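The task is to assemble the complex, starting from two chains supplied on their own in separate frames and drawing on the hints.
Listed here are the chains, written in short residue letters.
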Amino acid sequence: MRSFLGVVTFLFAAVASAVSTKGNRLLVLLDDVAEKDGYAKFLGDLTARGYQIVYDTPRSEQLSLFELGERQYDHLLFLPTKVKGLGPKLTPNILIDFVNAEGNILVAQSSTHSASTSIGNFLAELDITLPAGRTGLVVDHFNYDTITASEKHDVLVLDAPEPVRDGVKSFFSPSADAVLALPNTVGHTLGAGHLLTPVLRAPSTAYSYNPKEQFDAVDADDLFAAGKQLSLVSVFQARNSARVTVLGSAEMIQDSWIEAKVSRPNGSKVTVANREFAKALTGWTFQELGVLRVNEVEHHLTGDNETNPGIYRVKTDVTYGISISEYAWDSWKPYNLPENDAIQLEFSMLSPFHRLDLSPVSVTKDATVFGTSFILPDQHGIFNFRVNYKRPFLSVVDEKHTVSVRHIAHDEWPRSFVISGAWPWISGIGATVTGFVAFCAVWVYSKPTPKAGKAKKTQ
Amino acid sequence: MAVATQGASSGINSQNTRTLLRVSILFLIAAAAVASRLFSVIRFESIIHEFDPWFNFRATKYLVANGFYKFWDWFDDRTWHPLGRVTGGTLYPGLMVTSGVIYHALRALTVPVDIRNICVLLAPAFSGLTAYAAYLLTNEMTTSSSAGLLAAAFMGITPGYISRSVAGSYDNEAIAIFLLVFTFYLWIKALKLGSMLWGALCALFYGYMVASWGGYAFITCLLPLHAFVLIGMGRFSNRLYVSYTTWYALGTIASMQIPFVGFLPVKTSEHMPALGIFGLVQLVGLLQYVRSSMSAKQFQTFVITVLVGAVGIGLAGLVGLTSLGYIAPWSGRFYSLWDTGYAKIHIPIIASVSEHQPTAWPAFFFDLNMLIWLFPAGVYLLFQDLRDEHVFVVVYALFGSYFAGVMVRLMLTLTPIVCVSAAIAASQILDTYLSAKKPNLEEVTDAGATDAKPAKKSGLRVSSKPNVGIFTFVSKALVVGGMVVYLLMFVSHCTWVTSNAYSSPSVVLASRMPDGSQHIIDDYREAYQWLRQNTKEDAKIMSWWDYGYQIGGMADRPTLVDNNTWNNTHIATVGKAMSSSEEVSYPIMRQHEVDYVLVVFGGLLGYSGDDINKFLWMVRIAEGIWPEEVKERNFFTSRGEYRVDAEATDTMKNSLMYKMSYYNYHSLFPAGQTVDRVRGARLPDQGPVLNTIEEAYTTENWIIRIYKVKDLDNVGRDLAAAASFDRGQKKKASKKKGPRVLRVD
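Here the protein sequences come in this chain order: X and E. Numbered according to the numbering used here, the first sequence spans residues 962 to 1420. Numbered according to the numbering used here, the second sequence spans residues 105 to 849.
Some hints could be false.
Derived lysine to aspartate or glutamate pairs resembling EDC-like cross-links, with alpha carbons at most 16 Å apart [claimed, not checked]: (1) X:1130 to E:849; (2) X:1361 to E:697; (3) X:1189 to E:849; (4) E:735 to E:745; (5) X:1050 to X:992; (6) E:174 to X:1373; (7) X:1043 to X:992; (8) E:640 to E:699; (9) X:1361 to E:815; (10) X:1294 to X:1257; (11) X:1230 to X:1120; (12) X:1043 to X:1017; (13) E:718 to E:650; (14) X:997 to X:1216; (15) E:174 to X:1372; (16) E:814 to E:699; (17) E:814 to E:830; (18) X:1361 to X:1307; (19) X:1276 to X:1339; (20) X:1361 to E:642; (21) E:640 to E:697.
Honestly, the hints are just simulated from the structure, not real lab data. Note that the coordinates shown come from a computational prediction; the quantities given were computed from them, not determined experimentally.
Excised from the complex, chain E in its bound form (with noise of 0.2 Å):
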């Protein structure tokens, strides 16, 4: 594409050709970015993915119901039985709001839409606009027309950037990318006209992405740093002062209108550097009009009381009200950020979340391919003029690429830096080798001469160097060849990633017959749907957090915890209940009146992951409540191995989890011939005996087992006896040992 505009741009000359050729290259990226985004659609069907999705697609419901202040005051008593979750004040709206208006903006043009439809597409939609956003962003960044070009179509297809915002994705980053990308570029406008409407601006669009997801605090962050960098190289001016103190007077402001962000950016240490930074720009300002009227000794003095006081007094306080308590530490999540062991360690919740793993090498190239090779040279590019927009595109990258190899989901923010950096050094090549001017020699080797200090200066010696050679027709077409090819196979590569890796609902699992065609394994669905239509409305389903909003979602029924994971101690009780036995785990399911378990099994399938390979999460996570009562080391055998065959200890084997997974499941094997196809073991005959829960149902596939949870016994006996009386066992007669047990009354 970025070929055709040069070839075509060569050719045209005329500013309004140039426009209309502009405006349509940019439709047709913008067209592009949806389309790849509709493999999920096309293939399986307009359908909510995952699972936080769901969750945001159930409030969208309601507030599209129900209207915005009843959303805002909205009192879930469906999650977090019996705890309830004050959801309208423990979300990010934004999301919500944006699918609201539009439905509302489609009906009030009489379009009949489903909000289901809103939400599904609300995702690929908004990676047109971010594509846009990076040519806008791009073009602060470089004269060069064809970069901001480059850029939105790197932006449009790149995977990491998709693997968040296929169709049915329906996550808070659907939008914050473009929010966070458009708030970059108009921070950068601001910034390099010093004008207050671009800081009011930008502190507008700071607003909705603090609406919007919780990862505003990335631009709460860097933007200071952005201001503190070109502070410390000298570069303080009055554009800057403008700039930043709008931004965050208003920015601040808009954030707190926002219930769960509320008095955060006064009160906790990921706010504390826009403050800190807010003031230096005050202090620094102040130095500068009064150096304009002071000697230059009194001003040095001055200067050093004034620096001295002002930290000391700055840091002082920060520290006396963090230790009274005013000021939050740095979260958990923050401290996983510089540490990638302090999860594991501290909060086994936040590490047993895949996306907050550390990323491996290859899903660099997975996830930006060639782009992360071009991506430095960008970078490099931006070295030689560095001008103040400039500083932040290398801060960026740095933080970004950081933030990037810390935590996987952070890639998300590392892709919009690279695209941009790419572009630049991908149009400065094609910039180069496309031009069809000719130079001659004598000229040539005269600008040599003439060029040659500032080339020195760059300080590498083949650019003092006469360069002819790349002149000819044969350098050029093999570099733009190459170009060409990598760029086509960037597309293709970029294709296929959307089509295989990420457009899967996870919902419906696709798996390939031996002749080829496609079979679809809707387990999900059907036991949702069972629950839905078998079990009373007000049935309370007890699962891992995993399955949490998928249930609210698609079965409609509450459950105790979900992927809303704000109450750790919640979720180890049910970690608890899982990992007990059931003499134990029954009074924890009869206190949360717990009705249905529903367990996720993968071995018949060899689906890995099921609940059996999360299991040592939940393990730890309740053994982080009550180290007492569950431990780790008793889920393995004396040589340490994680185990689920008749080698397997007794607390595994006694485990709630353990037993609810491999119930009856010998039943369908031949004698001797139980095998569990995801951890590859042979299972004993004897499947486990239950005795507080009773099997209600099992799908197709066996991947999702459903329990009901026994009543109390209705003549008094503790279950185990009811049940093995039911078994046709006797009581045993003999009760002459031990004492006489005398009744009281």
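Extracted from the complex, chain X is given alone in its bound form (with noise of 0.2 Å):
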């Protein structure tokens, strides 16, 4: 009876609380179970969406994240270990295996921890670079938090992070005037890859040391980033879409800090918003945001009842329309277009053909069409249709329609009458078979002169 009623509730809760997308197995690891509690509110507030989270330590015997070649968990969140290597349960082969899976992970770390072996090779896989030793404390003198740091300047105190660029969807503004506090940050730099995005970056004052052995001076040449090239929070997103998130302070959503007041130099004493950061933060990594579908694709004849044919003729007319929808938290939405940014087709063969703009065409409850019309080149081949939609912050839309463009068959030119050019040459012809016929009519109607040239031919 109370394994029945525990499979009800899960269903119960699989049903109801459906947050994610990519479904709601969370695996946390940490050193010791019990050290959740100091993450109560923020693992609640998991819990809260309908997560069903798994605690473990990396040293648990019955820890596997494949069963069978499927994936066991959705999501993975690492919080700070201590324990050097993390076994052969987590080698950085095994969590590459699991992004190629489609599982989501989310990494923090802390400057009180090295971060694992097995962590920074994987990070190293994805063109994060930790600090030298996996460890390192970025230090700000400007924006530190006066109350608890004035001494050591190791609690950052920043305002909520900007959009990277322009035409790139905001998750991870809380509200304009937020204000984060990060204790006890270790920093990363990234590759130059389209694949990795900063979240929030270094101030242009801070740095980052490592406090065992640089805790006198540090040389510029052993300086591991400064500025706006070290950063603190970083997403990346695999082409399929998985995601991973590195989190510099894993302190950051701790009970302790997560709604802690702190104040700036010459500041006033303001709330973090640390745990609104941190609820989009893990809402993005495990794809409760940020995450588009494509419902349809539709090309056709322009006035055509037929919808994709395989196959079309050059210079024709062509209405082609895709379907997009956005998930936020707990929907599918009508998607929308940041400002200054466009959705484009290619048609292509080899290279591209046309790229043009969608637009959209209409909105329905939970999906956007955007579509555009265009005549076909006049060059047959085998063509795709193709929206390779790629952006920071939004899964990848790469939609690819392959259809034969045929020349024109022998019965689809127009008829030599039609066209004005043609009329002398058939006038010609006319001439031609008149001036025949005319010539047997006489010659047959024509009585036959007499032999008089015969004489003269037998010569």
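As structure tokens, then:
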């Protein structure tokens, strides 16, 4: 009876609060399961959003991310651990496999624990570099909390992040004047890959150092990174839209900091927005935010009812439409383009023959249809309708629909009598035919001439 | 057979019996022609052979399934990916339409027959008709009743023709040779009779020929040449005028109906002789007419003015139009007919085809056996009374011999005339020596005296002497016996060649086991079947163009390039992908949406027709387009050797083709024993490493290896880094070298 009830509650929970688009099985890894109490508010928020949280330690025997080749968990949350290696169950290869199998990972770090080699190597594969020795501390002598870190300046107080650039959706700014506090932050640097996006960068006055080795001064050659090159929170989105987030400061989501009051030098006391930020960060990482779904793609000859034909003719009018929804916390909504952004359609064979902006054609309850019409190029071949929409923080839309574009068939050309340029030739044929018939008529009805020339011919 | 005819005809005089005998002999010849082509079906199975036939077969299936108009407008999106091919407009439809008609006719007669069997057996069936056409053509040349039958028999079994027409060799030549011979027969007939009807028939079959084979240009050039030679010999006649004019006017219109040919007859240089001779015939006709109504003096000036004017204007027009681009200059394939080294330098793709190589001497004896020495004798005999039609044979013989010497495949066009001339020579010998009559000595000496004049004319002193000796029984028996032995040897040679050289489908390889039993190596079909069953419907296969048609036909998968080598750049692209390193090839393969790469590797079995042996052609063709990126020199060692073993150059070892061929090959052998049996090379123990592709399938004897192209790495690494990570090598942590790379957002 108990197990039955358990199943029912599980099912109920699964149905009622399937918040993430990728499932709600979350594995939290920490040194000691008891440590979770320090994150009670943060984890409570996650549970409230419907996650089934499993706590485990890296040393655990029964820990396994995959069972018979299937993913066991949908999401993975690494809280700082003291162990140097994470053991054979969590090697970098397995973590990469987890990402390749569309699992999401959130890595929280702290300067009090150096990151495990496994995490370090895993992040290195994503082109995220940790400081030497996988530990470091970010300090800023201008943006620190005067209440708790007036001496060491190791609690950063920063404004909520701005969008990295124009035309990118902003998910991580709770409000315009929100403030975040990041104690004991480990900074990292990002490679140039377009799959990586920094969410929160260090202010230009911040730098990273190793408190154990560089307690005196930081030699310029040994400096890991400073200023804007130092990222504190970054996200990575793989080609299959699996997400990896690196959070430089695990303390910021601990109960003691999640709603603390801080004060900048010469500033007033404010309550930090760490809780909202953490919600946005987990929501994004576990695919509750910024998930795009292509509902359908439709292309057809303009004015024709047949949808998605496999073959077109050159130089015909074609209408293309793609219906896209965006998932926001608990439901699918019509996708709205940010300012200064456009969804583009490529009609390509080897290289694009057309690259067109799609405009919203219609909006339904949960989807926006973007569409356009254009004339096919005068080139036969195998073409792709391709919408390749990859933006920071939004899951990948890469829709490729292959069609053949054929030549003009022998009976689809205009008839000769329609073409005015052909009229001289047609009249020429007419004249020849008439002349020949007339000649025949004259010949047939003429009397044969007397054979006067016969004698001459025989010579 | 011919001996039997002679023996029988001497005894039987009734006209009807002779006709019956002739008909039944012709049927027997046709049956022999068909039967000797069935070796491949009996030995292997009813299967389409080689490469090009697979395309013809696929096209025929499309025609039968979709009807003629769909076929005409067929846009094939499964070849030349992603360009596609306007197939309906770029093929010679004669072969497919012929099979389609036969198929529908048999269906209408409620004969349930598979289209594949029609395709397999079409070539043998038409070889019977070719034999009959050779009989008709020869009968136009000589009055000897046996010559035609001999020619038919020769035509039926000579290996030069069988090489292209065994069962399963479903290629254009299968019907084209019949059409060639029959068109020539109709031309001779039209010329002899000066008949518009026969001229029109000739044009009709010429049109059919144009619809069937690109070799129609041979007719287009040979008939004008014949006419020109006749005019030059002062043999212009109204018969020539009527037949040539009829043929040219109707034949050109007929040929222009074929979409692939279109306006070529008035636009390309290859067709210009026919047009020029057409003009010349008109001119000469006009002169003939004018001469009948002018004085000789006036006529001479007139002739000179007209000739100089017409030729001058014609040439100037031709040169002018060619330089303006209205008339296409001679194509590369044509130049390579005059200069055998031309293609190798300028168009490697033409030179890379084995059948475009110059013919080796033994090939003539191999393909024609004793006919090759009877052939000049026959031509000589035709010189004896050189009528208009004999001039044709002489002209044909000269040109056919030249072209057959230049290109292996043109042996095919030479074969008919060899059969005709050889039959004339052979029948002359047999007719002379089998004659039962024995003239008495006095008559002969009398005749010798009266015949002295004409005999001297022929210039041979021997013929002026009374020739008594040959009438003895011994000489007759000797000559006839010798001839019979030759004929029998010819038959056995033909059978042997057909059975051993020309009956292999090349899709299926046969080998002998130690105990003499036959062992079938079926790797090609194994691989194609794997592709058909394990890849998605539109998986693009990249392979060298040789295998394009087979993949399309047997595996039913889209290919990048195939045997219809119309786009040199696209082939060069594949060549470049094969001959470059993985880092260069991978973007090319991605751009062309390649899913699988197929290579042929013969190293394990000693199968020499593999891709490493063809590799230099890929390099050369790629170098023709990208001379900066692909260099043939880099594939040779410093000593100029083409090696695949440990001493191979780095370019060679890093090329995709090399890596795909030898990937994991060393794992078959104990250490230090890895050997490539084709090139006799000992390979290093460390095999090549592949990063961007992965092995998908290798056939039983390793002849075909299929690789899958990897997708981009999911987490954005380059594939070499991803592969080394998978192998357990950690990324180098020390990034301190060089300036710091800053991220700019």
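- Taking only the CA atoms, is the gap from residue 1050 of chain X to residue 992 of chain X under or equal to 16 Å? holds, 15 Å
- Query: If you draw a straight line from the CA of residue 1230 of chain X to the CA of residue 1120 of chain X, is it 16 Å or shorter?
  - Reply: holds, 14 Å
- 16 Å limit on alpha-carbon distance, applied to hinted pair residue 1276 of chain X and residue 1339 of chain X: holds, 5 Å
- Message: Check the hint pairing residue 174 of chain E with residue 1372 of chain X against an upper bound of 16 Å on the C-alpha distance.
- Response: The given pair, whose Cα atoms are some 11 Å apart, holds under the 16 Å limit.
- Item | Straight-line alpha-carbon gap residue 640 of chain E to residue 699 of chain E, limit 16 Å | Distance of about 10 Å is within 16 Å: holds.
- Would you mind confirming whether the straight-line C-alpha gap from residue 1130 of chain X to residue 849 of chain E stays at or under 16 Å? holds, 15 Å
- Query: Is residue 174 of chain E within 16 Å of residue 1373 of chain X, Cα to Cα?
  - Reply: Satisfied, since the Cα-Cα distance of roughly 13 Å is no more than 16 Å.
- Query: When you check the alpha-carbon spacing of residue 735 of chain E and residue 745 of chain E, does it fall within 16 Å?
  - Reply: holds, 15 Å
- Item | Pair hint outcome, residue 640 of chain E versus residue 697 of chain E [Cα-Cα no greater than 16 Å] | With Cα atoms ~13 Å apart, residue 640 of chain E and residue 697 of chain E stay inside 16 Å; holds.
- Is the Cα-Cα distance between residue 1361 of chain X and residue 642 of chain E 16 Å or less? holds, 13 Å
- If you draw a straight line from the CA of residue 1189 of chain X to the CA of residue 849 of chain E, is it 16 Å or shorter? This hinted pair holds, its Cα atoms lying about 10 Å apart.
- Given hint residue 1216 of chain X paired with residue 997 of chain X - CA-CA distance at most 16 Å: holds, 10 Å
The structure is consistent with each of the numbered hints, conforming to all of them.
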